[in-house]
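Please arrange chains W, B and L on chain A, whose structure you already have, making use of the hints.
Residue numbers (our numbering), protein chains in the order written: chain A, -9 to 353; chain W, -9 to 353; chain B, -9 to 353; chain L, -9 to 353.
In short, the hints are calculated from the structure, not lab data. Just so you know, these numbers come straight off a predicted model, no measurement behind them. No residue lacks a Cβ here, since even glycine has one placed at the ideal position from N, Cα and C. Be aware that one or more of the hints could be misleading.
Under the rule of at most 27 Å between Cα atoms (straight-line distance), these lysine-lysine pairs were calculated in the DSSO-like manner [as the list claims (entries may be wrong)]:
no., chain 1, residue 1, chain 2, residue 2
1, L, Lys231, L, Lys185
2, L, Lys231, L, Lys316
3, L, Lys42, B, Lys77
4, A, Lys42, W, Lys77
5, B, Lys19, L, Lys42
6, B, Lys77, A, Lys77
7, W, Lys19, A, Lys42
8, W, Lys8, A, Lys8
9, L, Lys77, B, Lys77
10, L, Lys42, B, Lys8
11, W, Lys42, A, Lys19
12, W, Lys316, L, Lys316
13, L, Lys77, B, Lys42
14, B, Lys19, A, Lys193
15, L, Lys8, B, Lys148
16, A, Lys8, W, Lys148
17, B, Lys155, B, Lys316
18, B, Lys19, L, Lys148
19, A, Lys148, W, Lys8
20, W, Lys19, A, Lys148
21, W, Lys77, A, Lys8
22, B, Lys196, A, Lys19
23, L, Lys77, A, Lys77
24, B, Lys42, L, Lys42
25, A, Lys42, W, Lys42
26, L, Lys196, W, Lys19
27, L, Lys8, B, Lys42
For each label pair, taking beta carbons as the anchor points, the in silico distance ranges come out as [unchecked claim]:
no., chain 1, residue 1, chain 2, residue 2, range
28, B, Gln315, L, Glu143, 55 to 65 Å
29, B, Gly49, L, Ala22, 13 to 23 Å
30, A, Asp102, B, Arg146, 47 to 57 Å
31, A, Lys148, W, Met128, 45 to 55 Å
32, L, Lys19, B, Arg146, 28 to 38 Å
There are 4 protein chains.
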Amino acid sequence: MNKKPGGLYYGEYLQLDKVLGAQQLESEKRGAPAHDEMLFIIVHQAYEIWFKQILYEIGSIIEMFNDHVVDDRQMGRMVARLERVHKIQRLLNSQIDVLETMTPLDFLEFRDLLIPASGFQSVQFKELEIALGLKRDMRLPVDREFIYSRLSEADRGKMQVAESKPSLLEVTEKWLERLPFLDFEGFDFWDAYEKSVALMLSKDRKIIEDNPTLPEVVREHQLNELEATRTRFSAILDEKKFEELRSNGEFRFSHSAMLAAIFINLYRDQPMLQLPHRYLTCLVEVDELFTTWRSRHAMMVHRMLGAKIGTGGSSGHDYLNRTAQKNRVFLDLFNLPTFLIPRSDLPTLPENVIDSMRFRFGV
Amino acid sequence: MNKKPGGLYYGEYLQLDKVLGAQQLESEKRGAPAHDEMLFIIVHQAYEIWFKQILYEIGSIIEMFNDHVVDDRQMGRMVARLERVHKIQRLLNSQIDVLETMTPLDFLEFRDLLIPASGFQSVQFKELEIALGLKRDMRLPVDREFIYSRLSEADRGKMQVAESKPSLLEVTEKWLERLPFLDFEGFDFWDAYEKSVALMLSKDRKIIEDNPTLPEVVREHQLNELEATRTRFSAILDEKKFEELRSNGEFRFSHSAMLAAIFINLYRDQPMLQLPHRYLTCLVEVDELFTTWRSRHAMMVHRMLGAKIGTGGSSGHDYLNRTAQKNRVFLDLFNLPTFLIPRSDLPTLPENVIDSMRFRFGV
Amino acid sequence: MNKKPGGLYYGEYLQLDKVLGAQQLESEKRGAPAHDEMLFIIVHQAYEIWFKQILYEIGSIIEMFNDHVVDDRQMGRMVARLERVHKIQRLLNSQIDVLETMTPLDFLEFRDLLIPASGFQSVQFKELEIALGLKRDMRLPVDREFIYSRLSEADRGKMQVAESKPSLLEVTEKWLERLPFLDFEGFDFWDAYEKSVALMLSKDRKIIEDNPTLPEVVREHQLNELEATRTRFSAILDEKKFEELRSNGEFRFSHSAMLAAIFINLYRDQPMLQLPHRYLTCLVEVDELFTTWRSRHAMMVHRMLGAKIGTGGSSGHDYLNRTAQKNRVFLDLFNLPTFLIPRSDLPTLPENVIDSMRFRFGV
Amino acid sequence: MNKKPGGLYYGEYLQLDKVLGAQQLESEKRGAPAHDEMLFIIVHQAYEIWFKQILYEIGSIIEMFNDHVVDDRQMGRMVARLERVHKIQRLLNSQIDVLETMTPLDFLEFRDLLIPASGFQSVQFKELEIALGLKRDMRLPVDREFIYSRLSEADRGKMQVAESKPSLLEVTEKWLERLPFLDFEGFDFWDAYEKSVALMLSKDRKIIEDNPTLPEVVREHQLNELEATRTRFSAILDEKKFEELRSNGEFRFSHSAMLAAIFINLYRDQPMLQLPHRYLTCLVEVDELFTTWRSRHAMMVHRMLGAKIGTGGSSGHDYLNRTAQKNRVFLDLFNLPTFLIPRSDLPTLPENVIDSMRFRFGV
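This is chain A alone, in the form it adopts within the complex (with noise of 0.2 Å):
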């Protein structure tokens, strides 16, 4: 009669007659088993429940900045819950290193029944970048197509859904431009960075002139680099320009969000800066992350099918690599470097500035 010890028994709590038994082969189906078709559904299974993790991850920060002031010790929790993330989606690419283990051969055996099922159609990856903050004017016009073209009907109207609420992109920017410390009563910090910007600048032209061994052509090719280097610079400098560059797509966040995320790079030492800096230089990372995974998945395709289509009747590879950088949603972070600055010729900060971004302890 006693059929089980009492209590949670491991199988029922993780519902694995549901999840073990969600593995049906459709060359079986056909009568002709194809031994790799098993690791081909396991494989995108084992990414879907990992996409759903994430979005319970980026969920929960999402939340967290909207329902209140974010406090110091949501921060931390914050940015643990991102490099959570992180490690998800190195276990995401090394999903590719076994699913690279299927030989095109094998593959081509069971290609044409999964026709036209595809890849695209993962509802939950799109939410994702959604939820990231990719705008769906900022999708290739071929990724555009096909959420209308390729998705259900419901599933259309999940990715409404999503996109009607706010994003992580649009959070964070908000969470920038509330920061406080770029007000300071009598010390103009951008006019002591414009000075310590200008003299690199100059070393920099100097660093490319003197150069002997730069071919004429490469030199000059330099200088033109660094004359938008400089451009761009002023821009920072300038809200005016700053915003006509934004206009032409040249940057996402708005003025005052950039200035505080520069601000929070270069004095990333002072405690209060400490996790910050590590909270936008982990939203650099989930980019990078989810760029090396469309890569490699590129990469993937290329080696199953060469110049072949794909199951969805279109080259994976080809739409893969283009959305690789395509699709990143934080390249106002990512290009941030530009405008750091050596950390001597940083501006020194005044001493009550420094003091107010230190622990209360011992005051």
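Leaving out everything else, chains W, B and L in the frame of chain A:
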């Protein structure tokens, strides 16, 4: 009306309704959701779907051995599948990195709700150990007891079914015993090998005796060790001694299987032995990676609980650490390097033997 | 008197006085030590000793091809050495993780002191590219110019010596051309292959035409792609067309080398082709891992400098990113999956052909 | 005349003539070059330059503690440097993958030529153990003996110099003892903690007693374990008992350092404790990664030699395996999870205490 595009649909093919609908937090049921319980569930579900894949691959290899004589083309496939298993095992090890992002304070928040469920109740993991070749009487007493006390009747039944099937160890042993290349007309390989071994051992003795940096106590210890090695070698060359040591549990493979394994290792460069050698190496790696998984798992439990007890009512750390070495299956292959000698001391095989291990092409 | 124990001594064997005495910080010479310059030096020295090892392995493989006909036993050794190279390349990639622990602010502290030195001046890395098969005229113009303008006379000499030797690409091509298994008396393999290809391509066309989820513009694009694939296939089957494409740079391998490579890929399960297939796959992986290294390196430079210039006076990020794809050597093998067909559509080889690719044993 | 471009030159800056000129094969000297000896030399040189870097980082951290009171900004830097050390340690672990590509047959080809040199003679690795806090009398007898018998006089001198300096363990202990936040006027933290602990332990007892799946023998064992845990807790709360256990070697930290470490772990979310917590966790990770390195190193030696002796005349496998656990330094921190309790059972700190651990900004 048209709810979704015609044909196979990604989410339906993968049965995502089941897979993504199987995460129910105990803490939520009790009205006090613990954020990290989701991760706990998902990481264990990910383990289980990968266990399913490993069981599927190992099962397919056992079948290839069983069905008929192993043909050379299948050997390549077996190796490929074991290498796939390794990649999955590396993934399992990386999943520990993800679980370790949970802090002890967060785990303690829901640990009590899971009692008495326990990872020891993973039926698939036990099936896996059995499929590899772990016998019930080789398990630690506590490990053995748990099969009876912790599993439901249905799951105990599954254990018995698994135990009634041939294991990878067994089919490998039979295959080794069948290997033909140990009969060389007119050439006594093992005699030549014995001479090489004797030479090597006497060199080793000299190394120990002449080393001026060895403290006396170490020297003595080493000389004793050398004698133990000599004993092991003589067992290899004397079936009766071998069977004695085998009955004491020092070997699991039969004498002829062991000889074949040594021969394959010594002459691995011969075309015909390259894949068999790779196959044997793959088995050691499977053991190795599970040993790593158990040790890292133990370490992770220690990080969560220190000396406190786990959800199953016992110290998971201690248990896992002890099974890590204990539950190795291919120990004979792991210890095989003892029986290798320098390439330049290898007995030269007769030309016709060498020849028979090459490809037919051009004969 | 007795200064050290007799015989070989660890530190002397490894010449640690030289190796550990070769780190002199420029910043220290100038009296303002920058802590992180030590890491910068050591990580680059670690790169260089590993480059030495890779050059040593690649050189030994080229020699094996050159000296005499490749014997089956050597094929195993070549594969083992390439797999060792992969492991070293993975190490090189991981070293970027270490270098990335340096922050931009810390790097800028000593960047100016290093001008105009540059990683482009790594002679060994260029020797490596050349040993693999990169020709000077395949380099980006700027990459080519640097060999003249940035290297010392002595180092330019080394470039020429390296360029005068046979490369891995060349010896591989010659070996492929020599492969015998493309002449089958009375069986026209390529005719059978052509029929299978035609079948597959017409199926692919149907997949594209019938897919209801494809937007019209995508469908058209895909049909064009399919035509391009068909053209590539017809080039494989028609030497004249092949040579045309080859003269446009679409192929580097000769026609017969390419056919051999395709055949090996299609019939990789045959015992005699298993190692050749593994060897070819290893070459693609070498390219792949250097591509990853260059991309990750580029990314790391971007993290340090953003759009600012590097120590060599040019944007390292941009340069590295462009050479990442450009400097691939085994592109023909990378693109080979295009020419694969489902296992079940493979032309059945005559019994005697199959037989000749097995082992002699038992004949 | 102009031999090289003006200014700093890559190869000279890195002193590549020294670094790349330090590989001389013993086997070549004897006229019988063993291909794999090059790898053996280079992998050990790579170890040594990385050891130099780790020593450099650890030394810089010890100095930061010594020079003056630790300021919050330095804590961030210390953590960053330890995280760099981790990355290097991961690299050291990956280098084992490379060394493992050498087969036993190939190693045995030159092993005898290296006698009696041994990896135990790595002065830097011993200096590293000493810098972390390993005392000579904590070493295994054989490990201790080797310092005298195997090292040259000069190198024994280096050991003594290293041992005369403060270790990372010691400066960390002193810093913990100085931590101020254990005096709360009018609030007895440890009294509240004791009550929470008592509650948790009685819950744990109930878990063990009520679990129907526990075999009687396991139950008894667990109850004994629980008593041992209770003893440890009471030692934490009673300085006299603590000192007793400490004199038996159960603790290395002083009582007040231990209390501070526990407090930091319990209240790690407080802004002021986030970095100290991260710092302590980093120390455990350093130990952890060296433990992994020693175990994997032992495993690799086993793969090479089995039960045969190493170049130093003793079983490297055995030695390394035993030092793996024995030479851990921060065992107190490793065992600290024992003393953690569920977040919801944490004593609520008084408002003013909480407040003093926040940032000054806005006060």
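Each hint tested on the structure:
1. L:Lys231 x L:Lys185: holds, 19 Å
2. L:Lys231 x L:Lys316: Status holds; Cα separation ~24 Å.
3. L:Lys42 x B:Lys77: holds, 23 Å
4. A:Lys42 x W:Lys77: Roughly 23 Å between the alpha carbons, so the hint for A:Lys42 and W:Lys77 holds.
5. B:Lys19 x L:Lys42: Roughly 20 Å between the alpha carbons, so the hint for B:Lys19 and L:Lys42 holds.
6. B:Lys77 x A:Lys77: Holds - the C-alpha atoms of A:Lys77 and B:Lys77 are around 22 Å apart, at most 27 Å.
7. W:Lys19 x A:Lys42: At roughly 20 Å apart (the allowed maximum being 27 Å), A:Lys42 and W:Lys19 satisfy the hint.
8. W:Lys8 x A:Lys8: holds, 6 Å
9. L:Lys77 x B:Lys77: The given pair, whose Cα atoms are some 17 Å apart, holds under the 27 Å limit.
10. L:Lys42 x B:Lys8: holds, 13 Å
11. W:Lys42 x A:Lys19: holds, 20 Å
12. W:Lys316 x L:Lys316: holds, 21 Å
13. L:Lys77 x B:Lys42: holds, 23 Å
14. B:Lys19 x A:Lys193: Roughly 21 Å separates the two Cα atoms, so the pair holds.
15. L:Lys8 x B:Lys148: Holds, because 18 Å separates the two Cα atoms, which is no more than 27 Å.
16. A:Lys8 x W:Lys148: holds, 18 Å
17. B:Lys155 x B:Lys316: Within the cut-off at roughly 22 Å; holds.
18. B:Lys19 x L:Lys148: Given that 27 Å is the threshold and the Cα spacing comes to 26 Å, the pair holds.
19. A:Lys148 x W:Lys8: Within the cut-off at roughly 18 Å; holds.
20. W:Lys19 x A:Lys148: OK: W:Lys19 and A:Lys148 at ~26 Å, within 27 Å.
21. W:Lys77 x A:Lys8: Within the cut-off at roughly 25 Å; holds.
22. B:Lys196 x A:Lys19: At roughly 22 Å apart (the allowed maximum being 27 Å), A:Lys19 and B:Lys196 satisfy the hint.
23. L:Lys77 x A:Lys77: holds, 15 Å
24. B:Lys42 x L:Lys42: holds, 20 Å
25. A:Lys42 x W:Lys42: Between A:Lys42 and W:Lys42 the Cα gap is close to 20 Å, so the pair holds against 27 Å.
26. L:Lys196 x W:Lys19: holds, 22 Å
27. L:Lys8 x B:Lys42: The given pair, whose Cα atoms are some 13 Å apart, holds under the 27 Å limit.
28. B:Gln315 x L:Glu143: 55 to 65 Å: Holds, at about 56 Å.
29. B:Gly49 x L:Ala22: 13 to 23 Å: holds, 19 Å
30. A:Asp102 x B:Arg146: 47 to 57 Å: Given about 55 Å between the Cβ atoms, the range holds.
31. A:Lys148 x W:Met128: 45 to 55 Å: holds, 51 Å
32. L:Lys19 x B:Arg146: 28 to 38 Å: This hint holds: roughly 33 Å between Cβ atoms.
The structure meets every hint from the earlier list without exception.
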